[in-house]
Every structure is written in structure tokens, then in C-alpha cells.
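Could you put together the complete structure from these sequences and hints?
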Amino acid sequence: MSALIEAENLTRVLPAIVPVTLVRDVSLSIGEREFVAITGPSGSGKSSLLYLLGLLDRPTSGTLRIAGRDTGPLDDDALAQLRLGSLGFVFQFHFLLPEFSVLKNVELPMRKAGRLSAAKMRERAAGLLEDLGLAGHLDKMPDQLSGGQRQRVAVARALANDPHVVLADEPTGSLDSKSSEQVFAILQDLVNKRGKTVVAVTHDMEIAARADRRVHLVDGRVVSDERVARAAI
Amino acid sequence: MRLILELALIHIAGRGRQTIVAVLGVALGVGFSIAMAALMQGTEKDFIAQLVDTMPHVQVSDERRTPRRQPAEDLFPAVQFEGLRPKEDRRGILNPAAAFASLRSWVPGRMARSLRTQGVVRYAGRDVGVSIIGIEPDIEAAVSSVAGDFVEGSFDTLNAGGNNIVVGDTLAQRLGASTGTTIQLVSPTGQSRGFKIVGQFHTGNSARDEGEAYVLLKNAQILSERPNAINDIRLRLSDPEAAPRVARQIEAELGYKAVPWQEANESLLEALVVRNVVMYTVVGAILLVAGFGIYNIISTITHEKARDIAILKSLGFTQGNMRRLFLIEGLALGTAGSVAGWVIGFLLCFALSQVEFKLSGAGVGRELTRLPLYWTPWHYAIASGFALVSAGVAGYLPARQAARLNPVDIIRGAT
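So the protein sequences, as listed, match chains A and B.
Heads up: the first sequence begins at 1 in the numbering used here, then just goes up one per residue.
Heads up: the second sequence begins at 1 in the numbering used here, then just goes up one per residue.
Simulated from the structure, these hints should not be mistaken for laboratory data.
No residue lacks a Cβ here, since even glycine has one placed at the ideal position from N, Cα and C.
One should not assume that every hint holds.
Simulated coverage check for chain A against chain B, where a stretch passes if three residues somewhere in it have a Cβ under 8 angstroms from a Cβ of chain B [to be verified]:
1) 49 to 58
2) 79 to 86
3) 97 to 108
What follows is a set of in silico ranges between Cβ atoms, one per label pair, in the way DEER data are often shown [as the list claims (entries may be wrong)]:
4) A:M141 to B:F350: 42 to 52 angstroms
5) A:M141 to B:V355: 48 to 58 angstroms
6) A:G85 to B:L9: 23 to 33 angstroms
7) A:K178 to B:L405: 27 to 37 angstroms
8) B:V343 to A:A67: 51 to 61 angstroms
9) A:T60 to B:L405: 15 to 25 angstroms
Shown next, in the form of C-alpha cells:
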């Protein structure tokens, strides 16, 4: 199994009068087609670890390789480029641009990348949204959708540039149980049907239990990293 | 790039009222500065036009810029003089006929010669000091603006038989004389003759209306006992701007002092420069204030859109993209303001051009005036250039800050 994300001794310290260590000496190797749940009590550094893995934040020490490429020497613009092409984010709050329609929100990363023609982008965005059960909502504005629908739009946006890895920060945290279930199913499909790797931070143990792999953090340290035999489909 | 533009427009449109205020601030700044520049340059041009109209463009007098060199100075490398009293020359331009003819051969424009002397007008027991100017009526009319200011008679009437004189209307009033009256003219050499008033002029310049009297050149020469002398050559050039060059050439050729109108009015022209500096300072200040308006709205947008910035950055937008986004927003406001300002400036200019003044004065028709306005695209270009620069700076400062925002901080704050 080739490692998509490879972290060695990642440490992140928030500089302050009393420095706070968010992530302590984490080494982690995540391969293709994995569904990894990062769990832990609040304040254990799960989200911080995810931001590090997602190149939103830089580690204080340690190295991080994405698809074999060391990210340490890259400048901010190169990191942004890497985020654009190989990583997709889903946050607890949908974080859609309120002034853009659903379709345009999904098109946004593609337009930034600028690899496809306008018609192709539209087609792809519509396809993704339809796959996620939002066929009738393409031209609605984000505030006309329910929480679960918005989160699905966010997933579609994360997939826009066909990244290898989707990083999710409490993707179901603000949803009711039915919507949670839907979104979780979608994330699972990403791994099973689209061959993506999903790294999800969650405190929902029920969801964590259904992941392929559970990484448990306490105080910024990995205390357990267990793989679960994949349930037969 | 189009994407950034679209985002910028959406942000601006999202803050309707504030956007309008900021745009209006720039627009008023641009509009006022255009109107002000038009007015300032208009009055300046009008003023210079009047100056050029009423004054000879180059005036050659019988003086010299530097004292004449003594022969000893040419002979020895160093000479010291003591108790030297220069030889008294005959006053006036030497060999006037030749000098006049040689100037006429190359100077582009018209010229007139005259003899200017001081004298006293005596009538009904009153003495008034005047400048007596001996002229040749047919060529004087081509050079002097007085020719167009006659209330009664003209320069040509001087040519009628007998000793004739034309005076300013104020002078005539002070003397209690009118056209047809014969007055006594007394020269510094003591000559006294009777002259009949055949014309009166009103230039609007009280010093001239009250202190100038024109007679035939030959009469002036007789009065001052200097036959054939002239001491004043006045030039009216086809291109007034060429005056300094022509004056220099005349000085080199004749050796007499030739004063271009720019030099004669140096202090006035300098005052105009100061006025322009004052104007551009005020205009700059207005646009600076408008710039603060833009700064205010852009920095509000960056605060309000912090979440959008985080989203865009997490999606893979770079710092440079974010900087450009807000810079474009600033420039867009500046551009919108500029365009609106052009309209305001144009309308203001139009309104100002409709204002009429009835200046107090003798009530001559000419003194009813409109504001002189000067139209040039440069005013529009300069004002909006200035506005765009201040908008750019005002947009850049918050843009730089917004670009530096760390998305993690905002995402953490939101969760």
C-alpha cells in the first residue's frame, strides 16, 4: 500500500507566553482507499492534526509528505496549489459562499484550477451534485438548503478537482442524526466507489466505529491506531 | 482572473449603501477637482489672454541692460575707475530708421515705434501730469489695444490738420474738457502748445485712462526738442509665446533692452503658479479623504468576509489571489467613482458656465462677464488618475492584511 499522506513526528506548538502544544510527535501513514477516523476528546488536537495534514497549517517540527512529496520546503503558493489539486475539505459548517449558487460553489475550485472549459466545469459540477442527490437544487442559493443538503454540497465541492484525499472536520457535527447518516454514507461511498481516501475528525463514536481505521488522540498524542477489518459489502 | 473579478463584484454589491457612499466620496472629489481645475485654468488663460491682448508682446526701449563699457575696459585686463562720470548720450534709440527697418525684416508680427515723454496737460487752470506718446496712427492701430477702446474718434483722427490729441476719458473728465476742446500741453523742455482733443478712449485701466495722451510722433518730437528720435518700439507677434526668444534676438542685434511680456509680468505669472499649487493641494486633499472612504469600506469587507477568505484559501487560493481580490475591489470603487466624478465635474462646469457676473464699473457692455472655464481631457485624466492611485493604496492596505489571514484561525473561531 503506497502512502498518500506520510507524517513523521509532527508537532505543532502555538506560540504564546505559555506555548500550547496542539499536536505532539504524531507519526502517521495513510494510504489509498482508506477511511480514517480521527477521534479523541475535545481539545485533544484532532482538528489541529487535520489542518496540518491538509496543509492549512504548518508543523512546528516534523515532516509531512503528500504523495511522496516533502511539503516542508514548499512556499505558501505551492501549498495552495497542492491543496487545490490533491486535497478536498469538508468542515463542520458547510462554509459555502453565500452569494454563489450551489452549482457555482461547486465550480469554484475548478475555475480556480482553470483546467476545464466552462461547459465541462458545469457538466462535472452538475454530475457531482446529482450523484449526491441534489439534482433539483443546482441553482438554489446555499441559504435555501437544509443543513444536510449544504453539507452534501460541501462534499461535492471538495470533490470538484478530483482530489485523492478528502479531509473532513466534524462533517456531521452540526447535523441531525438522519442527515448525519446520509453524509456519512456519502463519505463511505467516496472510499468504496470512487476510490478516495477520507480522513474524518469526529467525536461521534458510532461513526468512528464504522471507519476502516481509528486513530485516537489524547493531548495531541496518538494513543491508539487500530484497523478494522472491512465489512463485506 | 475572471473569477477574482466576479468575487470582487459580489463583495462590493453586497454592501450596497456603503459602496454608494464610498463611490460618491470619490465622485465628488473627482468632480470638484475637475470643476476647480477648469475654473482655475480658465481664469488663468483668460487673465493671460487679457495681458497678451493689452500689452505689447515685446517692448524695446532706449535703455540698456548693463552700463556701457568704457573703452579702457576693452583695452586692459583689469581697470579701476574713480570719479568717473559717463558721457551724456543723446537719449533715444540711435539711428531709429535703420533699427526699425532691420527689425521689420525678420520679426514675425507687427510693430510700431513711438516717442514717449512726460508732460503736463493744462486746461482751465488745472495741471495734470501725463505720459505723452507720439505715434504714427496707421501703424499704431496694428499694435495697440487702445485702438479698439475708443469712445469717440480714433487714432486716425490725429491725422486731420492742426495739432490734435487723443486722451483717456477719465483725463478728459478731470479736466472738464470734451472732444473739440483745445488744451495746452507742456513738455519737460518747457515747450508749450495747444492741442485739440479729437478722440477719447476707455481701456478700463484707470492708470491709462487718466494718464495717457496720444499725439502724432512728429508733434512729440517737436515738444521734446528731439527731432527724429524714438525711444520705444512695440512688437505684436503672431505667436505671443515666442516673445522671449524674439526679445533675446533683438537685444543681441540692437543692444537695447527688449522686454517680453512674460518678463514684464513676472510677478503676476508667479502668482499664478502659486495659485495652481494651492489648487492641486486642495484637490489632493479632497481625493485623499475619498481614499479614506475606500479604505473604510474595503477593510469592513475584509472583516466581514474573513470566513470567505478562509474558505477560498482552504480551497487552494493563494495569498496573492486574495490580495488581488481586495485590490480590485478598491480599484473598482475608484473607477466607478471616477466615472461618476466625470459626470459631476462636467455638470458642475456646465452650471458654472451659466453664471453671469455684473461687475461694478462704468457699465460698458464688455464688463458683463461669464466665468471663464477651460476644458481639457487632461483635467479628467489627472483627477481620475489621482483617485485611482488613492483607491489602489486604500484597497491594498486591507488587502495585504486579509491575504495574511490564517484560515485555521478563522475556522477554529467558527467551530
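- Please name the hints from earlier in the document that this structure breaks, with their numbers sorted from lowest to highest. none
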